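Colleague: Each chain, written out:
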Amino acid sequence: MDIRVEQASLHWQHHCVFSHLNLDLPDGQWTSILGQSGVGKSSLVQLLCGIADEADIQGQIHCSDGQPLAGRVAWMAQQDLLLPWLSLTDNVLLGARLQQRRTPSAQQQELAQYLLQQVGLGERASALPAQLSGGQRQRVALARTLFQDQPLVCMDEPFSALDAINRLKLQNLAAELLGDRTVLMITHDPLEALRLSDRVLVLQGSPAQLSDPITPAGTAPRPIDDTELLQQQAQLLGLLAEERA
Amino acid sequence: MMTLLRPLIIALGLMLIWQAIVWLTGAPRFILPGPLLVLETLVNQFPLLMKHAGVTLMEILLGLLLGTLLGLASALSLVTWGGLRRWLLPVLVVSQAIPVFALAPVLMLWLGYGMASKVAMATLIIYFPVTAACFDGLRQTPTGYLQLARTLGANRRAQLLQIRLPAALPAFGSGLRVAASVAPIGAVVGEWVGSSTGLGYLMLNANARMQVDLMFAALMVLAVMALGLYFFVNLIARRLTPWLSESTSSATRGDSL
Chain P
1 MDIRVEQASL HWQHHCVFSH LNLDLPDGQW TSILGQSGVG KSSLVQLLCG
51 IADEADIQGQ IHCSDGQPLA GRVAWMAQQD LLLPWLSLTD NVLLGARLQQ
101 RRTPSAQQQE LAQYLLQQVG LGERASALPA QLSGGQRQRV ALARTLFQDQ
151 PLVCMDEPFS ALDAINRLKL QNLAAELLGD RTVLMITHDP LEALRLSDRV
201 LVLQGSPAQL SDPITPAGTA PRPIDDTELL QQQAQLLGLL AEERA
Chain Y
1 MMTLLRPLII ALGLMLIWQA IVWLTGAPRF ILPGPLLVLE TLVNQFPLLM
51 KHAGVTLMEI LLGLLLGTLL GLASALSLVT WGGLRRWLLP VLVVSQAIPV
101 FALAPVLMLW LGYGMASKVA MATLIIYFPV TAACFDGLRQ TPTGYLQLAR
151 TLGANRRAQL LQIRLPAALP AFGSGLRVAA SVAPIGAVVG EWVGSSTGLG
201 YLMLNANARM QVDLMFAALM VLAVMALGLY FFVNLIARRL TPWLSESTSS
251 ATRGDSL
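From first to last, the protein sequence lines stand for chains P and Y. Just so we're aligned: the first sequence equals residues 1 to 245 in the UniProt record's numbering. Just so we're aligned: the second sequence equals residues 1 to 257 in the UniProt record's numbering.
Hints in this document: simulated from the structure, not taken from any laboratory. The structure displayed is predicted, hence computed values, not measured ones. Among the clues, some could well be false.
As the list claims (entries may be wrong) - With the C-beta cut set under 8 Å, the calculated list includes, among others, these residues of chain P facing chain Y:
1) C49
2) G71
3) W75
4) L81
5) L94
Unchecked claim - FRET-style restraints, in silico, Cβ to Cβ:
6) V94(Y) - S126(P): 45 to 51 Å
7) T219(P) - G144(Y): 28 to 34 Å
8) L69(Y) - S133(P): 23 to 29 Å
Said to hold, decoys possible - Computed list of chain Y residues with no C-beta within reach of chain P, every gap over 10 Å:
9) A53
10) S74
11) G112
12) L148
13) I185
14) R239
15) T241
Using N, Cα and C, we set each Cβ at its ideal position, and we do this for glycine too.
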């Protein structure tokens, strides 16, 4: 399902951050948006997820199947947002627990267990989030996002709170598990965007505009020592730094 | 081992200081009886003390139960209905300006000399701290949790029951601890104002008859009861929030007591 955001506009304290913004999210592709803080990236994600209460953001969202997008987006934030009183399994099952008043079905339990295994935490299914490291917690959040099984996955700087090694591992895992889905990822890290995405966009300027997409060659996750990738990273860093100056 | 010994040593130390004051001032036994005399009275009058302590304990527990349930229900309604919040919250705050002690004689008049007026006192005195703690806890749910719940398709009811309520449990625990420590005050003040049973009555009565040793013995029983109640409630509060580890719980909940 292709998704298109049309005529999006965001105002912050009577100041126009962006307007007439159009964004395409082609079916089955991973799209990343790079940009500085305050350029409205997160608000864009919140618009898609239907949780933009504080931001003054408007825009029309069209889905290629003609249905509204509301309720069909899985959201993964910078914080893992695991509920500290629920076990890992129950955190993965959260969507099911919140929607139905009965306990999740055996099938759902099984799926949750399978997903925890996929992210390498199958052994710790009954542990509480407090017993895990930051990287492990974010992996559970990834499993929870996968459990939702929605046509669009929105990720808002999902790996930025992790250390370099964990970030790399989790990027690989995410690329493997989310490879065939429609994904929108917000990030500050050009290398991360280039490793994982089919299309990389830069949101910048005042009012902000989206650049033409950069399409890295090869399949995700791309190796970090790929020369073409590094060239594109330098190019992107240049572009972002230019704006800042 | 030390954790068991420490309270004993503290108790012994306090008794020594007490005895020292008696020796130094030479106070007569009807002004300040020594700890040994009080202990002796405690043993001799044990059945009498227990009879009255039972009544007081019942009042405290009933007050605690009622006050907690009422407080929890009020906090939930305040959070659920915005209109109610705007009208009721100011009333609640104003009601706190009236000292509960000043109400004791009126409660006695309305509810009689029996247990009801004391239970009402204890309920009133803990109602506000419990309501305030629960209300704050329910309001301060991390926004991220609620946003996540919404993307997961949770309705308001599910958000309240499965996200906000569990997230408020630590705050509810704090409210419960405060309640446990002030509920005995309510019950005893109620008994002072007018009653024919209970530790408060016994103390007042013993005082009037110059049986200061009996009064101190009753005070001791009351103190032990209040301490026991606090630790019991503390245990419950911890059971409610098993995900809070020991280290964070003692730092944020003041468990060092």
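Colleague: For each hint given before, does the structure comply? Return the numbers of the non-compliant ones in rising order.
Modeller: 8, 12, 15
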